[in-house]
Amino acid sequence: MKVRILLVSLLCPLFHFLKAEDDPTLRLVFTHESDGGLLFLDSLRYKSTSDETYSLSRVSYLISEIALETSSGNWVEVDTIGYIDAAKRLTSIDFLLPPNTYRSIRFNIGLPEDLNHSDPSQYPIRHALNPDYNNLHWTWATGYIFMALEGRVRYPEGKIGGFVYHLANDVNLVSIQLPLNLFHIEHTLIEIGFDLNKVLGSPQSISFQNDGYSTHSHKADDIALKLVQNLLGSFQINRIQEFSPKKKSAPPRPIDLPDLHTPYEFKMSRHFPMPDLPTDNPLVTERVELGKELFFDPILSTHNTISCVTCHNPKNAFSDTRIQSTGTNSTMTRRHSMPLFNLAWKEAFFWDGRATSLREQVFHPILALNEMGSSVDQVIKKLQAETRYKELFAKAFNPGTITQEHIELALENYLLTLVSYHSRFDEAISGKTKLTKEEKRGFELFMTEYEPRSNRFGADCFHCHGGALFTDNQFHNNGLFPSKDLGKYEYTAKNSDRFKFATPSLRNIELTAPYMHDGSLATLEDVVAHYNSGIHNSETLDPNLAKHPPEGIQLSEADERALVAFLKSLTDPQYLEYSP
1 MKVRILLVSL LCPLFHFLKA EDDPTLRLVF THESDGGLLF LDSLRYKSTS DETYSLSRVS
61 YLISEIALET SSGNWVEVDT IGYIDAAKRL TSIDFLLPPN TYRSIRFNIG LPEDLNHSDP
121 SQYPIRHALN PDYNNLHWTW ATGYIFMALE GRVRYPEGKI GGFVYHLAND VNLVSIQLPL
181 NLFHIEHTLI EIGFDLNKVL GSPQSISFQN DGYSTHSHKA DDIALKLVQN LLGSFQINRI
241 QEFSPKKKSA PPRPIDLPDL HTPYEFKMSR HFPMPDLPTD NPLVTERVEL GKELFFDPIL
301 STHNTISCVT CHNPKNAFSD TRIQSTGTNS TMTRRHSMPL FNLAWKEAFF WDGRATSLRE
361 QVFHPILALN EMGSSVDQVI KKLQAETRYK ELFAKAFNPG TITQEHIELA LENYLLTLVS
421 YHSRFDEAIS GKTKLTKEEK RGFELFMTEY EPRSNRFGAD CFHCHGGALF TDNQFHNNGL
481 FPSKDLGKYE YTAKNSDRFK FATPSLRNIE LTAPYMHDGS LATLEDVVAH YNSGIHNSET
541 LDPNLAKHPP EGIQLSEADE RALVAFLKSL TDPQYLEYSP
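So the sequence shown is residues 1 to 580, counted in our numbering.
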């Protein structure tokens, strides 16, 4: 017999002694283990059952169809989807559960068919199935990745390579059932151990060298079949205990919103995932207009000589054609200027991710001595001396005082409206035009993995640049020759972040040369050549690149041209036709 968890609302009156904030809650916590202890990510210390040394840098998976069996044999089903990611420290799933005695729990690794093939753009941010949140969706091919295991492996000759195991497709849905002894009244925590050494080797032994360094779960794939069998015995109940849930804080109220304001209509592609727009700084036309004025005005620089546009030219998708930009005192910036569009989907800014919001980011270049070289006091005094800015701030805020916070919020409002989704590729996806034969071949290469054992020789671009945004908005070491610039490590001080930089979107890539954080690659042809045969291996090289052979993926010249042709189809004409 099955009982839907939605019935809990009918059962609650029977337990009237419980307050609303004390609704019966169960928390599942997944701990990741190996060799009898907690798993350490990015640690090349683990031995597989095939006696190969490996590490894991990514452990991500989706949990669905959770159900608990009562002592009387009834199953209480939970209408909750969970997203677990060890590196992001997302390890728990909370849901309501009626008080009862329970003797077993079951759940899926992966999704049932209807959810697996649902439209990913419908899910709000922080939902387990939002593709920008979980980075587990093969957009353009439909279907989610059920489990992603990625890491490094030491080859027999001592060199270090990578492996990428992506379990997906409907036939590979895995159902786990575990016995438990649970008397649940309220706020119970169940810790479930997930042994990664077992999933990679027991009972079916997996050898990186002999079985392969990657799987994308194609039909009858040996590695995928072994992973499915091994998952069945890789989970166990570690402990059950009470816990005290934190009270949910109320959503932040809008900051200094004027009584009279005009909501701004945010437009995006129907293929884009839902963005995480700030609730305390809602998009209003008056703030957007103020932010645009500030962005284009050299008043923010110490000598009134440069503006934000100086290094972020709209005709180049708000990027700079120079390798390094020139600051107010003729000093050079350290890194190449990033393009500015589709920022509403980013959670970390700058090449190293040191700013976690746009409002935090915007004053960095204003204050930097090698950029605009100004100060907060100087900027505020100059703006206060301008009648038009007094009027603009009065329309955008209440009170309409000119403060650092109001400047930050206005610039954030404007930058969030810079959205790009009108390329020829988008027109082709919508059936309004067609890609050329060469562009289609380029798209095929872009979306196809490099996996010789399954006779697939693609360019592997989609791992980091997949989805409608053409970026995963994460940080990766993409194989440039190491320099003094240590990337994200300079912000986090984590060795695993050395030489990792933000993944830019490939939309408008034709307009944003030169490329990479250091501007070291002058043309798109140079970029393709780098990934084709110029990868520098190092300890933090992304596994999706480290799994390639030392000589590279060796695309033909025709395929290199096709890839460039496809990338040019991602250009949005709004920038070519831009006028302020």
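Hints may contain errors.
What the hints assert, rightly or not - Computed Cβ-Cβ distance ranges for the label pairs, DEER-style:
1) S483 to Q122: 25 to 33 Å
2) G534 to A220: 44 to 52 Å
3) Q122 to T331: 30 to 38 Å
4) L369 to D79: 50 to 58 Å
5) N537 to T331: 17 to 25 Å
6) K88 to K434: 21 to 29 Å
7) S244 to H422: 48 to 56 Å
8) F40 to K434: 25 to 33 Å
9) T492 to D280: 44 to 52 Å
Unchecked claim - List time: in silico EDC-like cross-link candidates among lysine to aspartate or glutamate, alpha-carbon distance up to 20 Å:
10) K315 to E510
11) K395 to E405
12) K568 to E444
13) K440 to D518
14) K88 to E113
15) K247 to E444
16) K390 to E539
17) K494 to D211
18) K395 to E265
19) K88 to E557
20) K434 to E408
21) K246 to E490
22) K47 to E525
23) K198 to D35
24) K198 to E186
25) K568 to D485
26) K248 to E265
27) K437 to E557
28) K247 to E186
29) K88 to E33
30) K382 to E405
31) K159 to E242
32) K198 to D222
33) K382 to E293
34) K267 to D35
35) K568 to E539
36) K395 to E539
37) K382 to E347
38) K292 to E186
39) K437 to E539
40) K395 to D297
These are computed hints drawn from the structure, not numbers from a lab.
Beta carbons: idealized from backbone N, C-alpha and C, even for Gly.
How the hints compare with the structure:
| no. | hint | verdict |
| --- | --- | --- |
| 1 | S483 to Q122: 25 to 33 Å | 43 Å, violated |
| 2 | G534 to A220: 44 to 52 Å | 35 Å, violated |
| 3 | Q122 to T331: 30 to 38 Å | 47 Å, violated |
| 4 | L369 to D79: 50 to 58 Å | 55 Å, holds |
| 5 | N537 to T331: 17 to 25 Å | 34 Å, violated |
| 6 | K88 to K434: 21 to 29 Å | 39 Å, violated |
| 7 | S244 to H422: 48 to 56 Å | 50 Å, holds |
| 8 | F40 to K434: 25 to 33 Å | 50 Å, violated |
| 9 | T492 to D280: 44 to 52 Å | 26 Å, violated |
| 10 | K315 to E510 | 11 Å, holds |
| 11 | K395 to E405 | 15 Å, holds |
| 12 | K568 to E444 | 15 Å, holds |
| 13 | K440 to D518 | 30 Å, violated |
| 14 | K88 to E113 | 27 Å, violated |
| 15 | K247 to E444 | 48 Å, violated |
| 16 | K390 to E539 | 53 Å, violated |
| 17 | K494 to D211 | 32 Å, violated |
| 18 | K395 to E265 | 18 Å, holds |
| 19 | K88 to E557 | 39 Å, violated |
| 20 | K434 to E408 | 42 Å, violated |
| 21 | K246 to E490 | 33 Å, violated |
| 22 | K47 to E525 | 40 Å, violated |
| 23 | K198 to D35 | 9 Å, holds |
| 24 | K198 to E186 | 33 Å, violated |
| 25 | K568 to D485 | 29 Å, violated |
| 26 | K248 to E265 | 29 Å, violated |
| 27 | K437 to E557 | 16 Å, holds |
| 28 | K247 to E186 | 15 Å, holds |
| 29 | K88 to E33 | 16 Å, holds |
| 30 | K382 to E405 | 16 Å, holds |
| 31 | K159 to E242 | 47 Å, violated |
| 32 | K198 to D222 | 16 Å, holds |
| 33 | K382 to E293 | 14 Å, holds |
| 34 | K267 to D35 | 50 Å, violated |
| 35 | K568 to E539 | 33 Å, violated |
| 36 | K395 to E539 | 53 Å, violated |
| 37 | K382 to E347 | 31 Å, violated |
| 38 | K292 to E186 | 51 Å, violated |
| 39 | K437 to E539 | 39 Å, violated |
| 40 | K395 to D297 | 18 Å, holds |
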